[in-house]
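There are 2 protein chains.
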Amino acid sequence: MKALEEKIQKEGQVYPGNVLKVGSFVNHQIDVPFMCECGKEFYNEFKDAGVNKVLTIEASGIAIAALTAQYFNCPMVFAKKSKTSNIADNVLFATVKSYTHNCVNQIMVEKQFVNPGDKVLIVDDFLAMGEALNGLIKIVEDAGAEVVGAGIIIEKAFQEGGAALREKGYKIHSLARVQSMDAETGKIEFVD
Amino acid sequence: MKALEEKIQKEGQVYPGNVLKVGSFVNHQIDVPFMCECGKEFYNEFKDAGVNKVLTIEASGIAIAALTAQYFNCPMVFAKKSKTSNIADNVLFATVKSYTHNCVNQIMVEKQFVNPGDKVLIVDDFLAMGEALNGLIKIVEDAGAEVVGAGIIIEKAFQEGGAALREKGYKIHSLARVQSMDAETGKIEFVD
Chain A
368 MKALEEKIQK EGQVYPGNVL KVGSFVNHQI DVPFMCECGK EFYNEFKDAG VNKVLTIEAS
428 GIAIAALTAQ YFNCPMVFAK KSKTSNIADN VLFATVKSYT HNCVNQIMVE KQFVNPGDKV
488 LIVDDFLAMG EALNGLIKIV EDAGAEVVGA GIIIEKAFQE GGAALREKGY KIHSLARVQS
548 MDAETGKIEF VD
Chain B
368 MKALEEKIQK EGQVYPGNVL KVGSFVNHQI DVPFMCECGK EFYNEFKDAG VNKVLTIEAS
428 GIAIAALTAQ YFNCPMVFAK KSKTSNIADN VLFATVKSYT HNCVNQIMVE KQFVNPGDKV
488 LIVDDFLAMG EALNGLIKIV EDAGAEVVGA GIIIEKAFQE GGAALREKGY KIHSLARVQS
548 MDAETGKIEF VD
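Chains as they are written, first to last, in my numbering: chain A, 368 to 559; chain B, 368 to 559.
One or more of the hints may lead you astray.
Which copy is meant is left open, so a pair is good if it fits within one copy or across any two.
The list that follows gives simulated cross-link-like pairs (lysine-lysine, BS3-like), each with its CA atoms no further than 30 Å apart [as the list claims (entries may be wrong)]:
no., residue 1, residue 2
1, K374, K538
2, K554, K505
3, K554, K414
4, K388, K447
5, K554, K447
6, K478, K374
7, K377, K535
8, K505, K538
9, K414, K505
10, K374, K414
11, K486, K554
12, K486, K377
13, K448, K464
14, K369, K448
15, K388, K369
16, K407, K486
17, K464, K447
18, K464, K486
19, K478, K554
20, K478, K377
21, K535, K369
22, K388, K478
23, K505, K448
Because the hints were derived from the structure by calculation, they are not lab data. Computed from a predicted model, the values in this text were never measured in an experiment.
Starting from the given sequences, assemble the full structure and let the hints guide the process.
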């Protein structure tokens, strides 16, 4: 998505440790009209897949997931993070490592909100090592539901998450795929 | 909003300690088409107020705030929670007590995202004691911006937050105002 690449070039900030900050339009301030366009892109890509639920993870996936779900006219569910492993009977859970925050979270979804037969589109802001996405996939499949694919705003294509998931057969649609970025020069290059 | 009151009656669950669970459509699973209708209600109420920014607080305010902001064709900003009081120069912050979770959070917004002259509509899922709303108002006013009002999905009108804020002159538009609720019988009554 050309407009997204331009926006990342203009507003994104690269920090050491492969950190790309897009707080001005993706995950602190949200450029809602622009994110609606991203949601429409996801809809165009997955509109024939029978999606009846959109799933994301708190907090920064929620806005884009909600805006996307409206085009599918379906509910959105977000997995909640918890530092505790205090797991109840009525929840689906997964363990997710955050490389950005250097911690491990349990993520959980109440069982009643993902059901066998559901066709779930996972939406998230970033894909890098694939930790969050793998956790969300586990939750959907543990519920006996189907992952129809994932819509990602920004994929760090130089990290292995996306490749590994495509290898397994998941359809991953990333609107911008960063090939490389340099904290010293601020230069960001995209996959062609 | 009659449809919201009916939905709360049907899907809401009352627990001891004045807890009203609406996880099936407001804050775990989000009924996105329905929340779009709520967003339109906020738009109708505040469309002549010059709103150029919607502000909320993570995590459960984000979906409704994003869906609302699209009708104003403006960005949305969400305040982040932090247990630490490690406050940097470039952030606006407030201290917010959570009665539900029995803890105190610092909430913060980067200064660059709320500016003097901004006309800010605050959107949140619940209003009870008014702690979160007061914190968000402090952030807006510390930035030299203006609070044009607040759009709330569910107000617990038997708690004092809404009354105190209206007393101070803030325009609070709550789509459902709970008069009373009973954990034993499950009965929920609304303000006429």
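For each hint, the structure was consulted:
With identical chains, the CA atoms of K374 and K538 are at most 30 Å apart within one copy only, with a shortest distance of 25 Å there and 35 Å across copies. In the homo-oligomer, the alpha carbons of K554 and K505 never lie at most 30 Å apart, since the shortest distance is 35 Å inside one protomer and 38 Å across protomers. With identical chains, the CA atoms of K554 and K414 are never at most 30 Å apart, being 35 Å at best within one copy and 41 Å at best between copies. In the homo-oligomer, the alpha carbons of K388 and K447 lie at most 30 Å apart both inside one protomer (22 Å) and across protomers (15 Å), since each shortest distance falls under that limit.
Taking identical chains as interchangeable, the C-alpha atoms of K554 and K447 lie at most 30 Å apart only when they sit on different chains, with a minimum of 28 Å there against 34 Å within one chain. Proximity of K478 and K374 under a CA criterion of 30 Å is satisfied inter-copy only: 21 Å between copies versus 38 Å inside one chain copy. Within a single copy, K377 and K535 get their C-alpha atoms no closer than 34 Å, and across copies no closer than 41 Å, so neither meets the 30 Å cut-off. Taking the shortest Cα distances, K505 and K538 sit within 30 Å of each other inside one copy (15 Å), while across copies they are farther apart (44 Å).
For the homomeric pair K414 and K505, the shortest alpha-carbon distance inside one copy (23 Å) is at most 30 Å, but the shortest distance between copies (43 Å) is not. Taking CA atoms no more than 30 Å apart as the test, K374 paired with K414 passes in both settings, with 26 Å inside one copy and 28 Å between copies. Taking the closest pair of Cα atoms, K486 and K554 never come within 30 Å of each other, the shortest separation being 38 Å inside a single copy and 35 Å across copies. Taking the shortest alpha-carbon separations for K486 and K377, only the inter-copy value of 25 Å comes in at or below 30 Å, while the best intra-copy value is 36 Å.
Within a single copy, K448 and K464 get their C-alpha atoms as close as 11 Å, and across copies as close as 20 Å, so both meet the 30 Å cut-off. In the homo-oligomer, the alpha carbons of K369 and K448 never lie at most 30 Å apart, since the shortest distance is 33 Å inside one protomer and 33 Å across protomers. Proximity of K388 and K369 under a CA criterion of 30 Å is satisfied intra-copy only: 19 Å inside one chain copy versus 42 Å between copies. Within a single copy, K407 and K486 get their C-alpha atoms as close as 18 Å, and across copies as close as 28 Å, so both meet the 30 Å cut-off.
In this assembly of identical chains, K464 and K447 lie within 30 Å of each other by CA distance both inside one copy and across copies; the values are 14 Å within and 20 Å between. In this homomeric assembly, K464 and K486 come within 30 Å of each other (Cα to Cα) only inside a single copy, at 26 Å, whereas the closest approach across copies is 39 Å. Taking identical chains as interchangeable, the C-alpha atoms of K478 and K554 lie at most 30 Å apart only when they sit on different chains, with a minimum of 25 Å there against 44 Å within one chain. When the C-alpha separation of K478 and K377 is checked against a cutoff of 30 Å, the pair qualifies only between copies, where the shortest distance is 19 Å, while the shortest distance within a copy is 41 Å.
Taking identical chains as interchangeable, the C-alpha atoms of K535 and K369 lie at most 30 Å apart only when both belong to the same chain, with a minimum of 28 Å there against 47 Å between chains. For the identical chains of this complex, K388 and K478 are inter-copy neighbours only, at 16 Å across copies versus 33 Å inside a copy, given an alpha-carbon limit of 30 Å. Taking the closest pair of Cα atoms, K505 and K448 come within 30 Å of each other both inside a single copy (15 Å) and across two copies (27 Å).
The structure is inconsistent with the numbered hints 2, 3, 7, 11 and 14, although it conforms to all the rest.
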